[in-house]
Amino acid sequence: MSEKKTSAAMCEKPVDAIVTGVQSRGLWADAWRRFRKDRLATVGLVVILFLVAVAIATLIIDWATHNAIYDQYVIKQNLSMKLAGPSLEHIFGCDEYGRDILFRLIWGTRYSLFIGIVSILFALICGGVLGAVAGFYSGWIDNLIMRVMDIFLSIPSMVMAIAIVSALGTGTFNLLLSISVPQIPRLARIVRASVMSVKDREFVEAARAVGAGDALIIFKYVIPNCLAPIIVQASLNVGTAILNIAGLSFLGIGVEAPAPEWGSILNAARTYMRDAWHISIIPGLVIMLTVLSLNLVGDGLRDALDPKLKN
Amino acid sequence: MAFLEIKDLQVDYATDEGVVHALNHVDLELHQGETLGLVGETGASKTTMAKCIMRLLPQRTGRIHSGKIIYQDQDLLQASDQEMRKIRGAHIAMIFQDPMTSLNPVLTVGEQIAEAVENHRHCSKAEAMRRAEEMLELVGIPAQRVGEYPHQFSGGMKQRVVIAIALACDPKLLIADEPTTALDVTIQAQVLEMMQALKEKLNTSMLLITHDLGVVAQNCDHVAVIYAGEIVEYGTVRDVFKRMSHPYTRGLFTSIPQVNADVKRLIPIPGMMPDPTQLPAGCKFCTRCQFADDRCRREHPGLYPVEGIHTARCFRLEKGGSLT
Amino acid sequence: MKGEKKELIRTEHLKKYFPTPRGLLYAVDDINFSILEGDTLGVVGESGCGKSTLGRAILRLHEPTDGTVFFDGEDILKLNRRQMKDKRKDMQIIFQDPYESLNPRLTVSQAIQAPLIIQGMYKASDRAGLEKKTLEMMDLVGLARRLVNTYPHELDGGRRQRIGIARALALNPRFIVCDEPVSALDVSIQAQVLNLMQDLQEHLGLTYMFITHDLSVVKHLSTNIMVMYLGQMVEMGTPAQIFKHPCHPYTKALLSAIPIPDPDQRMDRIQLKGELTSPINVGPGCRFAKRCVYATPECSQTGCALREVEPGHVVACHMVGEAVD
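Chains as they are written, first to last, in our numbering: chain B, 20 to 330; chain U, 151 to 474; chain P, 29 to 353.
Chain B extracted, bound-state conformation (with noise of 0.2 Å):
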């Protein structure tokens, strides 16, 4: 025993000597520090944090009020007010029925936000899952799976969100499922190809040498090594879903009126586009700040995830 410890020490000790106090840091933790090193994206967090907040903070208003705000100033018409412009009053100015633009967007970002992030993890899940089993245990599941995904893709998107909702009817629930279906078989996709990418390297392997079953081995050794490519594209994928939601609204089959989504208003305001430019520009605006935000972060996230690519 004495003689195994010494070579044991021989090895180790002079470097004890080098390397003084070791700090230790997971993956996760490490990507953080990338991503915070990167400006833009932590740019874009910080707005995409502050509109959640918004989006809680109106909720938490409604359930203490009552409603009594949301009455008052975003859906009680005010037609003396139509389509004013801006002013110190109405910051944004009002719609065509003279409500508070800037009341409006404040308290649609519920929709926007909340629809997209719900529907995405919703596809997440399911994508998820039929990946992760299609990539795992490959062959004829595989096929079966991916094949009905393929379908699927052909179809593109927004018809087939329009289809589910003419085919459901309009509503919240149906709203996100129309966002969402259509998600599944791209999330899917990511998540097949990274599990097929996990799972035939060593350390699967070794887990298997030792004993360990399929769900440990799923769980704790394939997924956590390929959640990287899937978090970029989910956080890139909010941005569209919050695209499709304001398409949806925009075509009138979205939220229903008088409820302040961000489409929707945007629909409303294209009849008045050459009176009243606001009320199309600064929905337009926050919109496309949104997903902007929601881009740098899923960018910021692939270099801070992946710093290969980056150098």
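Derived by calculation from the structure, the hints in this document are not laboratory data.
All of these numbers come straight from a predicted model, not from anything done at the bench.
All residues carry an ideal CB built from backbone N, CA and C; glycine is no exception.
Heads up, some of the hints might be wrong.
Stated by the list, open to error - What follows is a set of in silico ranges between Cβ atoms, one per label pair, in the way DEER data are often shown:
no.: 1; chain 1: B; residue 1: Asp325; chain 2: P; residue 2: Arg294; range: 42 to 52 Å
no.: 2; chain 1: P; residue 1: Gly311; chain 2: U; residue 2: Arg393; range: 48 to 58 Å
no.: 3; chain 1: B; residue 1: Phe192; chain 2: P; residue 2: Ser306; range: 17 to 27 Å
no.: 4; chain 1: P; residue 1: Thr48; chain 2: B; residue 2: Asp325; range: 25 to 35 Å
no.: 5; chain 1: U; residue 1: Gln294; chain 2: P; residue 2: Glu35; range: 32 to 42 Å
no.: 6; chain 1: P; residue 1: Ile308; chain 2: B; residue 2: Leu163; range: 22 to 32 Å
no.: 7; chain 1: U; residue 1: Asp225; chain 2: P; residue 2: Pro132; range: 40 to 50 Å
no.: 8; chain 1: U; residue 1: Gln346; chain 2: P; residue 2: Thr48; range: 36 to 46 Å
no.: 9; chain 1: U; residue 1: Gln346; chain 2: P; residue 2: Ile308; range: 28 to 38 Å
no.: 10; chain 1: B; residue 1: Ile170; chain 2: P; residue 2: Ile308; range: 51 to 61 Å
What the hints assert, rightly or not - Below, in silico cross-link-like pairs of lysine-lysine (DSS-like), each with a Cα-Cα straight-line distance of 30 Å or less:
no.: 11; chain 1: P; residue 1: Lys117; chain 2: B; residue 2: Lys239
no.: 12; chain 1: P; residue 1: Lys161; chain 2: B; residue 2: Lys239
no.: 13; chain 1: U; residue 1: Lys414; chain 2: U; residue 2: Lys392
Said to hold, decoys possible - These stretches of chain P come out as covered by chain B in the derived footprint (C-beta under 8 Å, 3 or more residues):
no.: 14; stretch: 143-157
no.: 15; stretch: 240-253
Using the hints, position chains U and P against chain B.
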């Protein structure tokens, strides 16, 4: 007069973790027609040296602080990009470690060799293609295979193609960065033998970068041992192998099991290469050296002569004579 | 002395074929050997000769196509899933690439503890027990205790390989397949790891199957050496037998190709024609015939059975008698 002379070369990399001192005041000479072996482990900056000569350092992070690389009375570090493009390939060619990734998969091997020829010689496509066939024959591949794609070749054959591309314009200097590390032993022997024969036939000089002492002993005229960005021992192969004077060179030698000797237990070099962002102030090897004393940790040793051109960077040679 | 040792591993007609679009790939084709307890069998061959597949087939990481594997007298290919899981405690593997073989999301301690929890030797809630065992393993393989919470990407290749070894040893195995454990390491680190493995074998009585392409490493470590070519064993014997009297032309070529680190000893290389041929849809004859300088037309017609040329030294070649001289 040396054919290629590296003087006081100092190269840094700026990384997230700090400044990596990749090469620290390196002096090296290469003579016409000779093979110089550059031996060292991962992180010793062997490849950085090669990239410096080719001026292929990553622009974003790599910085050449000082030094000269003199080739035919011209300092390559001062050459313009255009001059450098003319030198690369035509005068100095490089072979990379991994033959699998250094060929373009969508071009036939013939096209790739011909392209290298066309870049430097004003000749017709047909002439370039003829040259490509000639080169393939030269590296031991039948000329009929000129129209095949890289994936149709095995690893050893690909490395031959890479060598054919490198030699297509009759370079005066060939830099081979671990050319056979990715190959099996029998293939390695074939490729090295072929390189040796070609080198003699074409009178090319060669800088052979490797970690394998066996490859150096069998193929080189001179050898430079590099540790943490510094040449620690230099001399003819026979001198260095017969009279290893730096503790690191000796450590490398006792670390490898040998087929022609029976050793019960290997004697490894303890510890590991120092962090290149925080190199020790004195001798770079002092943290792993069994002979290190206070002076080694404080002062930086110069190169001391052992015998003739054989030099080593160790205080124990200061008074001349041998290590033991 | 040798007679007292017990046989730990024996394979009989072990085969592993992989179906490929172009036909059957004969990765391991009818391999028979045995390893005595406490010995090291070195398996050498060039890339693609099936040596890694052989190691994995013995551990049932690749399910063998045919044949039997006995571990301590028990046919492990007959074991069901649960019995096999239990058997895995006794047989472990160390991988080649220390960068690939560790889960990048697990710390050193998690990596060492995973097998213990999976095998139910410790409960996940038994923090104190696990920690004690982890530190014990780290001491054993010479990893400084302060590294217990570091992640693999923060460590160099040598230390990662030590984690790999600690993980394999955590279950107290008796047999370890070492699949090129030092090939990815630097020369000086290589020696550290080889010494460690030698010490561990001595102190824990381990049995190794050491797979490598590096002949000098096998010579240094092995009690027996098996040379493989395209899925078949072409020669087997003690290091002295293989290195002093190599009989098979392939073994000779392999030996003569090693660059000797001595400028005065010029290599006297035996020419090999061409490169490794494809292991897919191999014909009946000797698989080495196409590259062999001694090959006769007969060689590519009929395969050659293994023949014993001296006690413990077997060769698969028609020409053995003449080739020896």
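Now the hints, each set against the structure:
About 48 Å separates the C-beta atoms of B:Asp325 and P:Arg294, a value consistent with the hinted range of 42 to 52 Å. For the hinted restraint 48 to 58 Å between P:Gly311 and U:Arg393, the CB-CB distance of approximately 53 Å keeps it satisfied. Remark: the range hint 17 to 27 Å for B:Phe192 to P:Ser306 is contradicted by a beta-carbon distance near 58 Å. Checked against the given bound of 25 to 35 Å, the beta carbons of P:Thr48 and B:Asp325, roughly 32 Å apart, stay inside it.
The beta-carbon spacing between U:Gln294 and P:Glu35, approximately 53 Å, falls outside the hinted interval of 32 to 42 Å. The given range of 22 to 32 Å is respected by P:Ile308 and B:Leu163, whose C-beta atoms sit roughly 29 Å from each other. Our hint of 40 to 50 Å for U:Asp225 and P:Pro132 holds, since their Cβ atoms are close to 44 Å apart. In this structure the supplied range 36 to 46 Å holds for U:Gln346 paired with P:Thr48, their Cβ-Cβ distance being about 37 Å.
One distance hint, 28 to 38 Å for the beta-carbon pair U:Gln346 and P:Ile308, holds here, with the actual separation near 34 Å. Checked against the given bound of 51 to 61 Å, the beta carbons of B:Ile170 and P:Ile308, roughly 36 Å apart, lie outside it. With a C-alpha separation of about 20 Å, the suggested pairing of P:Lys117 with B:Lys239 holds against the 30 Å cut-off. A threshold of 30 Å between alpha carbons decides the hint, and for P:Lys161 with B:Lys239 the separation of about 21 Å falls inside it, so the pair holds.
For the hint pairing U:Lys414 with U:Lys392, the CA-to-CA distance comes to about 22 Å; that is within 30 Å, so the pair holds. Only when three residues or more bring their CB closer than 8 Å to a CB of chain B does the claim for the stretch 143-157 of chain P stand; here the count is 3, and the claim holds. By the rule of at least three residues with a Cβ nearer than 8 Å to a Cβ of chain B, the coverage given for the stretch 240-253 of chain P is violated, with 0 such residues.
Checked against the numbered hints above, the structure violates hints 3, 5, 10, 15; every other hint is satisfied.
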